[in-house]
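J.: One letter stands for each residue in the lines below.
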Amino acid sequence: MSNSQTVSIAGENALIIYFANKPSAATSAEIATTAKKLTTFLGATLIDLVPSYASLLVIFDPFKTDHQSVRRAIWTALKTTNKTPATQHTDSGSLVSLPVYYSSESGPDLQTVADRAELSAEEVIAIHQQTEYHVYAIGFAPGFAYLGEVDKRIATPRLATPRKQVPRGAVAIADRQTAVYPAQSPGGWNLIGLCPQLMFDPTSTPTMPVKVGDRVSFKAIDKGTFEAMGGAL
Amino acid sequence: MSLQVHKPGIFSLLQDGGRTGQHSMGITTGGPLDRTAFRWANLLCENSEGSACIEVTVGGLVLQSTIKTTLALTGADIPLRINKQSVALWRSHSINPGDTIELGFARSGSRAYLAVGGGFQADPVFNSIATVTREGLGGLHGDGSPLKTGDRLPCNPIEDASLWQLPENLRADYSENSARLRVVLGYQQEAFSETQKQLFFNSEYSVSKYSDRMGYRLEGAEIIPSLNGILSEGICLGAIQFPADGQPIILLNDRQTIGGYPKIGSLLSLDIGRLAQLSAGAKLCFDAISIDQAKSLLLEHENQFSTEFRKPIKTSN
Numbered sequence: 001m002s003n004s005q006t007v008s009i010a011g012e013n014a015l016i017i018y019f020a021n022k023p024s025a026a027t028s029a030e031i032a033t034t035a036k037k038l039t040t041f042l043g044a045t046l047i048d049l050v051p052s053y054a055s056l057l058v059i060f061d062p063f064k065t066d067h068q069s070v071r072r073a074i075w076t077a078l079k080t081t082n083k084t085p086a087t088q089h090t091d092s093g094s095l096v097s098l099p100v101y102y103s104s105e106s107g108p109d110l111q112t113v114a115d116r117a118e119l120s121a122e123e124v125i126a127i128h129q130q131t132e133y134h135v136y137a138i139g140f141a142p143g144f145a146y147l148g149e150v151d152k153r154i155a156t157p158r159l160a161t162p163r164k165q166v167p168r169g170a171v172a173i174a175d176r177q178t179a180v181y182p183a184q185s186p187g188g189w190n191l192i193g194l195c196p197q198l199m200f201d202p203t204s205t206p207t208m209p210v211k212v213g214d215r216v217s218f219k220a221i222d223k224g225t226f227e228a229m230g231g232a233l
Numbered sequence: 001m002s003l004q005v006h007k008p009g010i011f012s013l014l015q016d017g018g019r020t021g022q023h024s025m026g027i028t029t030g031g032p033l034d035r036t037a038f039r040w041a042n043l044l045c046e047n048s049e050g051s052a053c054i055e056v057t058v059g060g061l062v063l064q065s066t067i068k069t070t071l072a073l074t075g076a077d078i079p080l081r082i083n084k085q086s087v088a089l090w091r092s093h094s095i096n097p098g099d100t101i102e103l104g105f106a107r108s109g110s111r112a113y114l115a116v117g118g119g120f121q122a123d124p125v126f127n128s129i130a131t132v133t134r135e136g137l138g139g140l141h142g143d144g145s146p147l148k149t150g151d152r153l154p155c156n157p158i159e160d161a162s163l164w165q166l167p168e169n170l171r172a173d174y175s176e177n178s179a180r181l182r183v184v185l186g187y188q189q190e191a192f193s194e195t196q197k198q199l200f201f202n203s204e205y206s207v208s209k210y211s212d213r214m215g216y217r218l219e220g221a222e223i224i225p226s227l228n229g230i231l232s233e234g235i236c237l238g239a240i241q242f243p244a245d246g247q248p249i250i251l252l253n254d255r256q257t258i259g260g261y262p263k264i265g266s267l268l269s270l271d272i273g274r275l276a277q278l279s280a281g282a283k284l285c286f287d288a289i290s291i292d293q294a295k296s297l298l299l300e301h302e303n304q305f306s307t308e309f310r311k312p313i314k315t316s317n
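Respectively, the protein sequence lines represent chains C and H.
Mapping of the first sequence onto our numbering: residues 1 to 233, in sequence order.
Mapping of the second sequence onto our numbering: residues 1 to 317, in sequence order.
Okay, chain C solo, but in the shape it has when bound (with noise of 0.2 Å):
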């Protein structure tokens, strides 16, 4: 476990810590433990917390407690996860498994992904399943989780024109990024699939099935499965 954090000031009413130059899975879990922690130490002083990548961002409110009082407060946060060996962090993290109906049906760049890398779409969706994913940031959009790493061998560069539209449950890749849009939306990731469950439902608790900090492995299910499932192409 690394000691390198740092703590710098974003705001007049927000601190970020980060915790490493490039993200890793040791690093989401630190995050993961660290935010949950500052969750209990900061209370109701606490506003909001943006864990991402490498870095968390604590938003305090500034009448209520200050700058100097939240920086002692991740201190001892962080102390007491360097503590904690690296292999014990993946208890705050769960592995989740998402179906996917791969198919040039449901993915119109899969053929496109498999032609650029010199496989077939077939191997193209067995590499994509072969890699437990981590969940290294969610944004962008309400419930739009960044999952690394894909395998060099199937990643892909974004399209040059983004889509003016993406559906819901698009299995996409953008170089080594893989993610399942949470919502229609405009979108430049190359589409290998769908996913026939809601990754964001604000009716639903939790809203979310993952958050920063998980696993994810994809599973290829068939046209059929991905209908009853709620699927719809």
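Note that these hints are calculated values from the structure, not bench results.
Mixed in with the good hints, there may be bad ones.
Derived, one-sided and incomplete: chain C residues facing chain H with beta-carbon distance under 8 Å [claimed, not checked]:
1. Ala14
2. Ile47
3. Leu57
4. Phe140
5. Gly143
6. Phe144
7. Thr207
8. Lys211
Bear in mind that the values here come from a model prediction, so they are computed numbers and not experimental data.
No residue lacks a Cβ here, since even glycine has one placed at the ideal position from N, Cα and C.
Based on the hints, put chain H in the right spot on chain C.
T.: Just chain H now, with coordinates in the frame of chain C:
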């Protein structure tokens, strides 16, 4: 029991204090861009802090009431007429069933806040009524849509309410389309050389027409930090980021929660309202302040709400 929308105007949104505690799902805050004007609108109607108001951008909103209540309009200088009669801003008015409330178009400033007694009622989404169109969350229908003709805005009748007005010295004046804004240095500030910082703090920027509730884009001296991209990280309200073209973007209430451009720091929250009242072409300059100065300024600002408002002027109406 409602105010009915006859015309929604250019862009009118229900806004309460904002949606907090949801950033980890990628959900932004929304809420009033000019928080000071928003708070006064509520206080003039004797509402609790953060009650839902209408944020009116530029103007054109026409409402008709089915109930007796009070109403106040604050912020941008938008002509207000009740039953065709011009009435003052920054004070509360009695409204009776059948009354028509008409807003003209801004003579100065860009955002006005219309409050009614008890606040507008709508079902909160993630604990807030704040409308964020980009996310499709909040507002009257919960789906992020702006007000439209035919909407009925639920509110509760208010009988025998006192009327109040705000002393002139506390009313914001937006007549100058220019401002000096204060910045707390932070984030990647060390990636900006002394020369680049001096250039930023000694240059005049103008507000681009591509500015909205998500962010205000500025045009002026190019600022190039030593980093051209960073790992995406949490963005706080008012963060000032520099994409590759070196032109600053100030991120506001509807910002994305994470982003990967280097940031020099963040605007003082008290100055966000001033910025959001400016229109395209407005001139801006920046001053650096410390986080401790920011705290003193926040406390000082808060005082005006607690002390001076306790001696409001009771009107004869």
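J.: Determine for every hint whether it applies to the structure shown.
T.: Hints versus structure:
no.	hint	in the structure
1	Ala14	holds, 4 Å
2	Ile47	holds, 5 Å
3	Leu57	holds, 3 Å
4	Phe140	holds, 6 Å
5	Gly143	holds, 6 Å
6	Phe144	holds, 6 Å
7	Thr207	holds, 6 Å
8	Lys211	holds, 7 Å
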